[in-house]
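**Q** All chains should be built: construct the whole structure from the sequences, respecting the hints.
Line by line, the protein sequences are chains E and F.
Sequential numbering from 1 applies to the first sequence in this note's numbering.
Sequential numbering from 1001 applies to the second sequence in this note's numbering.
FYI, nobody ran anything at the bench for these hints, they're computed from the structure.
Any given hint might turn out to be false.
[Said to hold, decoys possible] Below, in silico cross-link-like pairs of lysine to any residue (SDA-like), each with a Cα-Cα straight-line distance of 20 Å or less:
no., chain 1, residue 1, chain 2, residue 2
1, F, K1016, E, E20
2, F, K1003, F, S1076
3, F, K1016, E, F24
4, F, K1114, E, T21
5, F, K1114, E, E158
6, F, K1003, F, T1107
7, F, K1114, E, L73
8, F, K1044, F, P1075
9, F, K1016, E, A82
10, E, K8, E, Q121
11, F, K1003, F, T1032
12, F, K1114, E, E20
13, F, K1016, E, D80
14, F, K1016, E, P77
15, F, K1016, E, S118
16, F, K1114, E, Q16
17, F, K1016, E, C78
18, F, K1070, F, E1033
19, F, K1003, F, Q1046
20, F, K1081, F, G1048
21, F, K1044, F, K1069
22, F, K1016, E, A70
[What the hints assert, rightly or not] Listing some non-contacts, in silico: residues in chain E with all C-beta distances to chain F over 12 Å:
no., residue
23, S6
24, K8
25, T21
26, D31
27, D39
28, V40
29, C55
30, P77
31, L129
32, G130
33, N139
34, Q145
35, Y146
36, E156
37, E158
[Stated by the list, open to error] Partner residues are not named here, just some residues of chain E that face chain F (Cβ under 8 Å, in silico):
no., residue
38, V18
39, M22
40, D88
We treat Cβ as the ideally placed atom computed from N, Cα and C, and that holds for glycine.
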Amino acid sequence: MVTTVSLKDALLGGAQEVFETMVFMALEEVDVAEECSEDVSLLGSITFTGNIEGCLSIRCGLQCARTIAANMLGTDPCGDLAECDINDAIGEVANMVMGAIKSRVQHEIGTMEVSIPSVVQGREMKHGLGDQANEIVVNVSIEEQYRATFSLLFRESELA
Amino acid sequence: MGKSLLIVDNSATMRKIIMRTVRMSGLDFDRTEEAGSGVEALQKLQSGPVDVILCDVNMPEMNGTELVKKARQLPSCSGTKIVMVSTESAQDLIDQVMSDGADGYITKPFTPEKFQEKLTPLLN
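**A** This is the structure we're talking about:
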C-alpha cells in the first residue's frame, strides 16, 4: 500500500510539474496555511476510485485563480476573463495534478478511475469523505504572491 | 496545401491552451476547429475531413476512445491522424487506444516541444 509520505511526495511533485509546465508559475510548499484575505475562494475537485478512493482538491482565492487562468491562456490577468474560464482553468489544474499523482503511484496501487473535475466558488469551503478517511494537506506559495491549499482525501476501497 | 486541425476537449480552456501550445510549437495549420464533445466532433467529421485530430480521453457523453473507434469507421477519416491528449498515463490504456486507431498519445502536462515531437512525423 502506498504510504502517506509517498502520496504527499506525489501530490507536491505533481503540482510543481503542472505549475511549471502549464501555468508558468513557481510553486513551493510552505509550512503553515495562510488564511485567504479574499472573501470568495474557489474549490476545484476531482474524485477517484480504485484500490483507494477519494478526492483531490485545490483551494485558492479568486485573484490567485484569475492569475492561474490568465497564465494558462496567455492573457492579461487584469483583462476580460470570464468566470467560466477561471473555473475551467482551476478544474484543469485539479485534473492535471490528479493525472500527475496517478502516474507517480499507479505502479504501487493499480488502476485509478478519475472523474470529470468540478469547481465551485464560495466562502469557507471544505471537502469531506467521512471519519475513516486520511487527509494529506499541502499548503503552497505561488510565485511568493499567492497561497493555495491542495488536499488529498482518501481511504481504502471496500471493494479492494 | 495547408493542413487542418480539430481539437476535441470538453474544457473550453483546455482547447484554448492546446491551440496556444500548437502555435508555440511552430506547427502550421491553415484551418483549426474545435469540438466540445465527441458527438460534436463526429458531426464535424461527417461534414468534411481534417488532417489531424487532437482528442482528450476523459470526456462526458462519449469518451475519446469511443470517438476514435467511431471516427475510424468514417470514410472521410481514413487519412486523418488522431493524437490523444490526456492526463491518463496508464500503459494499458495507451496500448488500447492505439490499437483502436489512434496514431499518437501526448500526456498532460505537455510542452510545445512535445507537440512538435509527436506531430511533426505525422504531418510529413
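**Q** Test the statement that Y146/E is away from the interface with chain F: the closest C-beta pair must be farther apart than 12 Å.
**A** Check passes; 19 Å lies beyond 12 Å.
**Q** Taken at face value, is the distance from the CA of Q121/E to the CA of K8/E at most 20 Å?
**A** Between K8/E and Q121/E the Cα gap is close to 26 Å, so the pair fails against 20 Å, i.e. violated.
**Q** Given the hinted pair K1016/F and C78/E, is their alpha-carbon gap at most 20 Å?
**A** The given pair, whose Cα atoms are some 18 Å apart, holds under the 20 Å limit.
**Q** So if I understand the rule, the pair passes when the alpha-carbon distance is 20 Å or less; does K1044/F with K1069/F pass?
**A** holds, 16 Å
**Q** Against chain F, does L129/E hold up as non-interface, every C-beta pair farther apart than 12 Å?
**A** Fine: 21 Å to the nearest Cβ keeps L129/E off the interface.
**Q** Does the claim that C55/E lies off the interface hold, with its Cβ farther than 12 Å from every Cβ of chain F?
**A** holds, 16 Å
**Q** Using Cβ atoms and 12 Å as the threshold, tell me whether G130/E really stays out of contact range of chain F.
**A** holds, 26 Å
**Q** For S6/E, is the shortest CB-to-CB distance to chain F above 12 Å, so the non-interface label stands?
**A** Per Cβ check, S6/E is outside 12 Å of chain F; nearest 17 Å; holds.
**Q** Is the interface hint for D88/E satisfied, with its Cβ closer than 8 Å to some Cβ of chain F?
**A** holds, 4 Å
**Q** Hint V18/E vs chain F: min CB-CB distance below 8 Å?
**A** Since chain F brings a Cβ to about 5 Å from V18/E, closer than 8 Å, the hint holds.
**Q** Is the Cβ of P77/E farther than 12 Å from every Cβ of chain F?
**A** Given a closest Cβ separation of 14 Å, the condition holds.
**Q** Is the hinted pair K1114/F and Q16/E satisfied, with a Cα-Cα distance of at most 20 Å?
**A** holds, 18 Å
The structure does not agree with the numbered hints 5, 6, 10, 25 stated previously, though it agrees with the rest.
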